[in-house]
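Colleague: Just so you know, the protein sequences line up as chains C and X, in that order.
Read in the working numbering, the first sequence has 312 at position 312, and its numbers run on one by one without any break.
Read in the working numbering, the second sequence has 173 at position 173, and its numbers run on one by one without any break.
These are computed hints drawn from the structure, not numbers from a lab.
Estimated spans, in silico, between C-beta atoms of each pair:
| id | chain 1 | residue 1 | chain 2 | residue 2 | range |
| --- | --- | --- | --- | --- | --- |
| 1 | X | Trp62 | C | Asp104 | 38 to 46 Å |
| 2 | C | Gln246 | X | Met221 | 48 to 56 Å |
| 3 | X | Lys82 | C | Thr31 | 32 to 40 Å |
| 4 | C | Asn47 | X | Leu232 | 48 to 56 Å |
| 5 | X | Leu36 | C | Glu95 | 32 to 40 Å |
Virtual Cβ for every residue (Gly too), placed ideally from N, Cα, C.
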Amino acid sequence: MKLSTKLLAATAMISASAASAVELEVTHWWTSGGEAAAVSKFADAWNATGNTWLDGAIAGSGGTARPIIISRIIGGDPMGATQMNHGRQAEELIEAGMMLDLSDVAEAGGWKDIVNPSALLDSCTLDGKIFCVPVNIHSGQWIWLSHAAYETAGVPVPTDWNEFVASAPKLQAAGILPLAMGQQGWQQNLAFGAITIAVAGTEAWREVTVNKNADVARGPEYTAVFEAVANARELARGSNVQDWNQATNMVITGTAGAQLMGDWAQGEFAVAEQVEGVDYSCLPGLGLNEVLDTGGDAFYFPLNDDPEITAAQKELAALLISPEVQVSFNLAKGSLPVRGDIDMSSANGCMQKGLGILADGGILPSGDQALSADTQTQIEDLMAQFWSGDMAAADAQESYAELIANAD
Amino acid sequence: MTVASDPPLRTAKRPSRLFKNLMAKIASIPMILTALVVFVGGTTWTVVYSFTGSRMLPKTNWVGLDQYERLWNSDRWIISIKNLGIYGGCSMILTLVLGFCLAACLDRKIRFESAFRTIFLYPFALSFVVTGLAWQWILNPEFGLQSVVRGWGWETFTFNPINDPDTVIFGLLIAGLWQGTGLIMCIMLAGLRGIDDDIWNAAKVDGIGTVKTYVVVIIPMMRPVFITALVLIASGIIKLYDLVVAQTGGGPGLASEVPAKYVIEFMFRAQNLGQGFAASTMMLLSVVIILIPWAYLEFGGRKNG
Numbered sequence: 001m002k003l004s005t006k007l008l009a010a011t012a013m014i015s016a017s018a019a020s021a022v023e024l025e026v027t028h029w030w031t032s033g034g035e036a037a038a039v040s041k042f043a044d045a046w047n048a049t050g051n052t053w054l055d056g057a058i059a060g061s062g063g064t065a066r067p068i069i070i071s072r073i074i075g076g077d078p079m080g081a082t083q084m085n086h087g088r089q090a091e092e093l094i095e096a097g098m099m100l101d102l103s104d105v106a107e108a109g110g111w112k113d114i115v116n117p118s119a120l121l122d123s124c125t126l127d128g129k130i131f132c133v134p135v136n137i138h139s140g141q142w143i144w145l146s147h148a149a150y151e152t153a154g155v156p157v158p159t160d161w162n163e164f165v166a167s168a169p170k171l172q173a174a175g176i177l178p179l180a181m182g183q184q185g186w187q188q189n190l191a192f193g194a195i196t197i198a199v200a201g202t203e204a205w206r207e208v209t210v211n212k213n214a215d216v217a218r219g220p221e222y223t224a225v226f227e228a229v230a231n232a233r234e235l236a237r238g239s240n241v242q243d244w245n246q247a248t249n250m251v252i253t254g255t256a257g258a259q260l261m262g263d264w265a266q267g268e269f270a271v272a273e274q275v276e277g278v279d280y281s282c283l284p285g286l287g288l289n290e291v292l293d294t295g296g297d298a299f300y301f302p303l304n305d306d307p308e309i310t311a312a313q314k315e316l317a318a319l320l321i322s323p324e325v326q327v328s329f330n331l332a333k334g335s336l337p338v339r340g341d342i343d344m345s346s347a348n349g350c351m352q353k354g355l356g357i358l359a360d361g362g363i364l365p366s367g368d369q370a371l372s373a374d375t376q377t378q379i380e381d382l383m384a385q386f387w388s389g390d391m392a393a394a395d396a397q398e399s400y401a402e403l404i405a406n407a408d
Numbered sequence: 001m002t003v004a005s006d007p008p009l010r011t012a013k014r015p016s017r018l019f020k021n022l023m024a025k026i027a028s029i030p031m032i033l034t035a036l037v038v039f040v041g042g043t044t045w046t047v048v049y050s051f052t053g054s055r056m057l058p059k060t061n062w063v064g065l066d067q068y069e070r071l072w073n074s075d076r077w078i079i080s081i082k083n084l085g086i087y088g089g090c091s092m093i094l095t096l097v098l099g100f101c102l103a104a105c106l107d108r109k110i111r112f113e114s115a116f117r118t119i120f121l122y123p124f125a126l127s128f129v130v131t132g133l134a135w136q137w138i139l140n141p142e143f144g145l146q147s148v149v150r151g152w153g154w155e156t157f158t159f160n161p162i163n164d165p166d167t168v169i170f171g172l173l174i175a176g177l178w179q180g181t182g183l184i185m186c187i188m189l190a191g192l193r194g195i196d197d198d199i200w201n202a203a204k205v206d207g208i209g210t211v212k213t214y215v216v217v218i219i220p221m222m223r224p225v226f227i228t229a230l231v232l233i234a235s236g237i238i239k240l241y242d243l244v245v246a247q248t249g250g251g252p253g254l255a256s257e258v259p260a261k262y263v264i265e266f267m268f269r270a271q272n273l274g275q276g277f278a279a280s281t282m283m284l285l286s287v288v289i290i291l292i293p294w295a296y297l298e299f300g301g302r303k304n305g
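So here's chain C without its partners, still in its complex pose:
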């Protein structure tokens, strides 16, 4: 080999390695303490590969961040990668051909075999092509109970929803609010969903939410649900807090007996240095139906003209689902990993319960996966109205059935 060729080859190698160090902007709405710690695990892993993670955190909830993210993609200023809730939020963007097809990465990584539950991958799939990487599972069907409150009231900590309802008068007699509830539609809708699965069971729930069967929504199972929710509404009267973590704080301090909230509430207990089983208890599926929905977060990669960035996007996609990153990220986030083949033994009691349910296959699609954002908003509005006023259970049921009949 001649010297000049050698030099050329060397230059080519240098430029190749320089080219692989790509700066990718990643947008997400993980800004609370625990969430930021979790996202830094991704950033560290990505920076360790020699690339650069440009953090594009958008403060506020998903409701604030999503419009910003979507308008950037539509407006022709796509970021390298972005968080979304997997489900139907990005459906139209995919249909409009604005998202990168990850099928080859998925095939190379064998995602079909490792992602558990497989429904997660289905909600990333459109026309047989895969467009997102699921990174974690968050479920909403949990009740969090304050041991301190029950000690004050002198009753044992309930082990399911029925016991909780029965114990409520004792709590009230001791001056404790039985149920803490943030006055926001999504929280009230989450509580409604959790009670539905506990009271009506998964069959009826699936028939209504997935198959949009309005007759079942008008039927006796759902009548029982709406009566239970109306009852829960009375137990939460006087809960004037807004944000979910303020409501969780009422459980932590023992001024409220319980809260219906997703598994992310765990982070608040951890920050307050409370111990599961000693200071608080968690009951998945409200202790009645031990099933969890598989909502959560996924990363999408907007289509880009630059082949260098496209290559980096695929590299990042493979990294996010790799075993080490999954473990470190989910331990920090307090969420469940998307693959069943990794060691999560260092997770705490509540997470272990969740992992056990996942392993047994007690899973349901999340509302985000089953219903469009439009229908979700309408149901949240109905729940906000129902929980904060005096709407009769039967009226709410009829309005709900109407929404389900028109759902898409």
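Dock chain X against chain C, hints included.
Modeller: Relative to the frame of chain C, chain X by itself:
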């Protein structure tokens, strides 16, 4: 003016009207284009797409009046309209009355006038978000006004408007008035300063009382000022959004929802552009229904007269 009233003096051929003030016309072309493309064009586009079933992205699948039917069957929209009516009516009357009274007080040549003027105008310098948050705290029963008064010994004092669905709109109104009255006061004060002292002297000579002078003489003379104030207040009312988001988030339940919030949430959170467009078209329509007859009376009449 003199040229127009005195044409025979001109010997040269009169230039075409089109080229009169040519430079000024060229200079205003960008603004005219902006107005046409952005305002008229954007509005037309919105109205047209409100007849489609657009979801996250605009599409042209025509659905006729479906979006409007759904809109008027929605509890949330009806509540929003009612809230806007209550807020708008009260805000319009109270801002005008309070603004004028404050201005009249300041106009009585009191001491420290500029200090008072600054104090009253200060809230206007704050954004609605800050105003909303501040009043959310002030009206919070646990550490706001209620607990302060109770701390003074009045144990049964209850003032908790924003957690009660029936009164929450008045909680918003208090914050809105606090913020908006200062500006109206300043406009009114400017109007009052524009009234010639001779008018006051003449009223004094005729032996008309101060209050009566204000009501019978001064207020009719300030008609243009009142119209300016009215337009400012009305536009503030119809776009009411950030105050609600910051102060109540539309709650409790849906009790403090407003139309602008409905538009934003359906366009972006619910990813249903068609529904959002239909709602914004209704907002436009309501403005047009009020504005056109008024503008006709106000400006059309003068031209004829």
